[in-house]
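Student: Sequence:
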Amino acid sequence: MSLPLLAYKPTTQNHRVASFGPADLDEDTPYIYRIEDAGSPGEMQQVIWAAYRQVFSEHATLKFNRQVTLESQVSNRAISVRDFIRGLAKSERFYNTVVAVNDNYRLVDICLKRFLGRAAYNEAEKIAWSIKIGTLGFHGFLDVLIDSEEYTAAFGDYTVPYQRKRMEGRPFNLVMPRYGYEYRDKVGTTTTDWRFALEQFYSRKYEMRQLREGDPRKFRSMANAIAPTPRYAQRLSSFEIDYMNKVPKRK
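Each step along the sequence shown adds one to the number in our numbering, with nothing skipped, and position 171 is 171.
No wet-lab data here; the hints were simulated from the structure. Wrong hints could be hidden among the right ones.
[As the list claims (entries may be wrong)] Below 25 angstroms or equal to it, Euclidean Cα-Cα: the simulated SDA-like pairs (lysine to any residue) are: (1) Lys90 <-> Arg106; (2) Lys126 <-> Lys63; (3) Lys126 <-> Ala153; (4) Lys90 <-> Leu116; (5) Lys63 <-> Tyr105; (6) Lys126 <-> Val99; (7) Lys126 <-> Phe64; (8) Lys63 <-> Leu136; (9) Lys126 <-> Ser57; (10) Lys90 <-> Ile131; (11) Lys90 <-> Ala119; (12) Lys90 <-> Trp49; (13) Lys90 <-> Ser148; (14) Lys63 <-> Gln45; (15) Lys63 <-> Asn102; (16) Lys63 <-> Pro41; (17) Lys90 <-> Ile110; (18) Lys90 <-> Gln67; (19) Lys126 <-> Thr152; (20) Lys126 <-> Glu149; (21) Lys90 <-> Leu136; (22) Lys63 <-> Ile35.
[Claimed, not checked] Quick list of the computed label-pair ranges, beta carbon to beta carbon: (23) Arg220 <-> Tyr121: 42 to 52 angstroms; (24) Thr152 <-> Gly39: 35 to 45 angstroms; (25) Pro216 <-> Arg66: 52 to 62 angstroms; (26) Ala100 <-> Glu36: 31 to 41 angstroms.
Since the structure is predicted, the reported quantities are computational estimates derived from the model, not experimental observations. Using N, Cα and C, we set each Cβ at its ideal position, and we do this for glycine too.
Please model the complete structure; the sequences and the hints are all you need to start from.
Tutor: Here it is as structure tokens:
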């Protein structure tokens with residue numbers, strides 16, 4: 001018996017409207033891809049590419065992320081765009097690159113952005129959906145999310161999900177799915193990005209403030225700066241002396 005989704009309320013009144021943002025079409029207005037508008041193989045490929053971009057957050061469809069069987073089925077109208085999105089999200093590639101490297105709260109935030117086109121309203125919504133992941137597993141949570149009334153009202157069966165509520169900042173599909181300490185250290189971002197160096201500087205500064213007055217650790221850096229370089233006595237072995245050069249030569 002699965003637990004019902006916990007009730008949560010939107011944080012602001014803006015969450016209650018269908019959409020908010022610029023009324024005029026500009027570069028921030030998303031292009032909507034529908035399978036009904038695909039009248040040629042080229043246009044169908046654009047729909048498929050848009051689905052990959054939305055699910056995998058990439059600007060070029062990577063070869064190892066492609067699901068050829070699902071592409072063939074949606075191209076032949078054997079499955080709907082909703083089922084194509086569901087299949088991409090349940091693929092092994094999505095699990096390895098997104099699901100396995102994030103905790104449940106972060107995973108909920110990513111999936112809401114990718115599949116409902118909006119960020120989580122608040123922490124209460126993240127908790128409610130994370131309980132679904134804990135009780136139903138990721139695939140069960142995904143089915144509930146994609147089959148929800150909100151998804152049906154926003155995208156239906158034949159529209160690729162897109163970012164519906166964007167006020168500022170980058171589009172959702174430009175945000176990397178994982179950016180934890182382990183991944184940053186692995187790719188070397190911690191040592192190359194000045195923001196992480198600044199964060200470490202202020203963290204160390206805060207730690208120093210917590211030390212009591214007179215604590216030797218507060219003067220460690222100063223002591224290291226003025227410490228003289230140690231000089232050791234020269235070691236000389238008798239085997240290293242060239243005695244023949246020491247003997248004066250006759251003129």
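Student: Now tell me if each hint is right for this structure.
Tutor: Against the structure, the hints:
| no. | hint | result |
| --- | --- | --- |
| 1 | Lys90 <-> Arg106 | 17 angstroms, holds |
| 2 | Lys126 <-> Lys63 | 32 angstroms, violated |
| 3 | Lys126 <-> Ala153 | 21 angstroms, holds |
| 4 | Lys90 <-> Leu116 | 16 angstroms, holds |
| 5 | Lys63 <-> Tyr105 | 29 angstroms, violated |
| 6 | Lys126 <-> Val99 | 15 angstroms, holds |
| 7 | Lys126 <-> Phe64 | 31 angstroms, violated |
| 8 | Lys63 <-> Leu136 | 31 angstroms, violated |
| 9 | Lys126 <-> Ser57 | 21 angstroms, holds |
| 10 | Lys90 <-> Ile131 | 19 angstroms, holds |
| 11 | Lys90 <-> Ala119 | 21 angstroms, holds |
| 12 | Lys90 <-> Trp49 | 17 angstroms, holds |
| 13 | Lys90 <-> Ser148 | 17 angstroms, holds |
| 14 | Lys63 <-> Gln45 | 14 angstroms, holds |
| 15 | Lys63 <-> Asn102 | 23 angstroms, holds |
| 16 | Lys63 <-> Pro41 | 19 angstroms, holds |
| 17 | Lys90 <-> Ile110 | 14 angstroms, holds |
| 18 | Lys90 <-> Gln67 | 11 angstroms, holds |
| 19 | Lys126 <-> Thr152 | 20 angstroms, holds |
| 20 | Lys126 <-> Glu149 | 18 angstroms, holds |
| 21 | Lys90 <-> Leu136 | 14 angstroms, holds |
| 22 | Lys63 <-> Ile35 | 23 angstroms, holds |
| 23 | Arg220 <-> Tyr121: 42 to 52 angstroms | 47 angstroms, holds |
| 24 | Thr152 <-> Gly39: 35 to 45 angstroms | 25 angstroms, violated |
| 25 | Pro216 <-> Arg66: 52 to 62 angstroms | 60 angstroms, holds |
| 26 | Ala100 <-> Glu36: 31 to 41 angstroms | 35 angstroms, holds |
Of the numbered hints listed earlier, those contradicted by the structure are 2, 5, 7, 8 and 24.
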